[in-house]
Amino acid sequence: MLVRSERAYLRHDGEDTFLVEPGSRSQLRLNPVAASIAEHLGAPITREQLHARLLAQFDVPAEQCAEDADRFVDQLAELGLVEAREEPATDTAARRRYLDLLKRTLVNLVYAEDALRLDLALSGELPGDPLEDARLLRDVRYRRPAAHGDLVAAKRDGTLSVFGARLSHTMIGLSGLDNLERCASKVFADGVPGDFLEAGVCHGGGSIFLRALQVAYGEEDRVTWVADSFGGVPPPEHPVDRAHELDLTEQRHPWMAAGLEAVRDNFATYQLLSDSVRFLPGLFADTLPSAPVERLAILRLDGDLYGSTRDTLTALYDRVAPGGFVIVDDYGALAPCRQAVDEFLVERGLEVELHPVDWTRVCWRKTE
Amino acid sequence: METNHREATRAPEDASSQADAIAPKAAWHAPTMEQVDYSATEAFGSGGVYDLVVYTGSV
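In order, the protein sequences belong to chains H and X.
Heads up: the first sequence at position 53 corresponds to 53 in this note's numbering, and the numbers run straight through without jumps.
Heads up: the second sequence at position 49 corresponds to 417 in this note's numbering, and the numbers run straight through without jumps.
Source of the hints: derived by calculation from the structure; they are not laboratory data.
Treat the hints loosely; a few may be bogus.
Okay, the calculated bits of chain H under chain X, using three or more residues with CB under 8 Å as the criterion [claimed, not checked]: (1) 28-37; (2) 58-64; (3) 184-194.
Predicted, not measured: the structure shown is a model, and the values here were computed from it.
Note that the Cβ used here is the ideal one computed from N, Cα and C, for glycine as well.
For reference, chain X alone in the conformation it holds in the complex:
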């Protein structure tokens, strides 16, 4: 059976590597916001225009 074949070829260490991938929940800190300098975000309305970012790989 295909399923059994896959199970048979799974290395023992795979199970632990998958278990490690289950991330714990992130730490909670009361939500905060901090006013910072605005100048870096003036792309709109100031004449700055982004270049189109296009993947240039072979595909």
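If we strip away everything but chain H, and leave its shape as in the complex, we get:
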């Protein structure tokens, strides 16, 4: 299997796509075929699967497709931007299909038009004639191509810049879900022990995908821990959060909150609710220090606030196994979150290699 290295991430700027490697201060502009290959390499994939996807996208003879694509992949591998991973051959094709479809369902790309339809209805932009309304709603993807393109881009990158971006079980985008798969597959391949935990789950989509990864890779004995207030982001109480006026509470952002019942129901909808999915309801400062979590292979922080981020790192960082991954959702987007991470690393004297995942997310691998 081939997969893009965490050393580099994809950055989209209008029509252009760049492969950015912060560690070596390198940025590569990719032509459309190269960009497509780099996108497909976001999750583990075989050469044959890559060829099949490209043939479906591009008008090219199969032999030339394979030759050109393989040469480019080899170039990326020589630069250390693509890694080869040993994985059992059995069921990889079906697993690839399952996880790809699951990602697209979790970000609601499969029925993305419904978000545009709702936006049209709520904004009063329907013509008012029943037949014309129905036609516009039916063909909205093609009648509003710019809006559809913006929505697809938001779901790809995990931004909240358009209304429909939040109408999904996760807002972390395909980029965030691909990152989870890269981290999980590495953990599985290297035999890193431990459970997965997400602190700050909103509607639960990220945690649902973490559990799906455990199931799809035959690692079902690991537990997925789901920690959240289940009432939205708490009010900003820490001075850093107050100084930034970071009010992300349900009263300000109702779509960024989900109750425990709703999250459990979402797990059940995907047929992923089990005794190995365990919920930790409450504020992180109250629940995480005493949580019966022994060892973590993946710790994903999505608490937005300085206080929530610090509370999570303080309670759980020492329980992350060597070789495990720490992922921070809001490092680029929210200055208080970034400050909490930076201060924690400095205070603990930790030197880590911080990898940008996309426009806001970062991750690092714990080495000791």
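Chain H is fixed; fit chain X onto it per the hints.
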């Protein structure tokens, strides 16, 4: 029948508009990458922080 009702109300031009929506495959060009200036991407590690982009509509 509901299905028949929908079929009956579909305008003839709808079929062609849907057929037009089936995009042809994109042109193939051998994949290339070009080294470009790095400075625009220094958001991480240089102190630059993005603002949270949150939809500010009424919903």
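Hints and how they fare:
With 8 residues carrying a beta carbon less than 8 Å from a beta carbon of chain X, the region 28-37 of chain H meets the three-residue requirement, and the given coverage holds. Under the rule that three or more residues need a Cβ within less than 8 Å of chain X, the assignment of the region 58-64 of chain H holds, with 4 such residues. Figure legend: the region 184-194 of chain H, annotated as covered by chain X; annotation inconsistent (0 residues with Cβ-Cβ distances under 8 Å, at least 3 required).
Checked against the numbered hints listed earlier, the structure breaks hint 3 alone; every other hint is satisfied.
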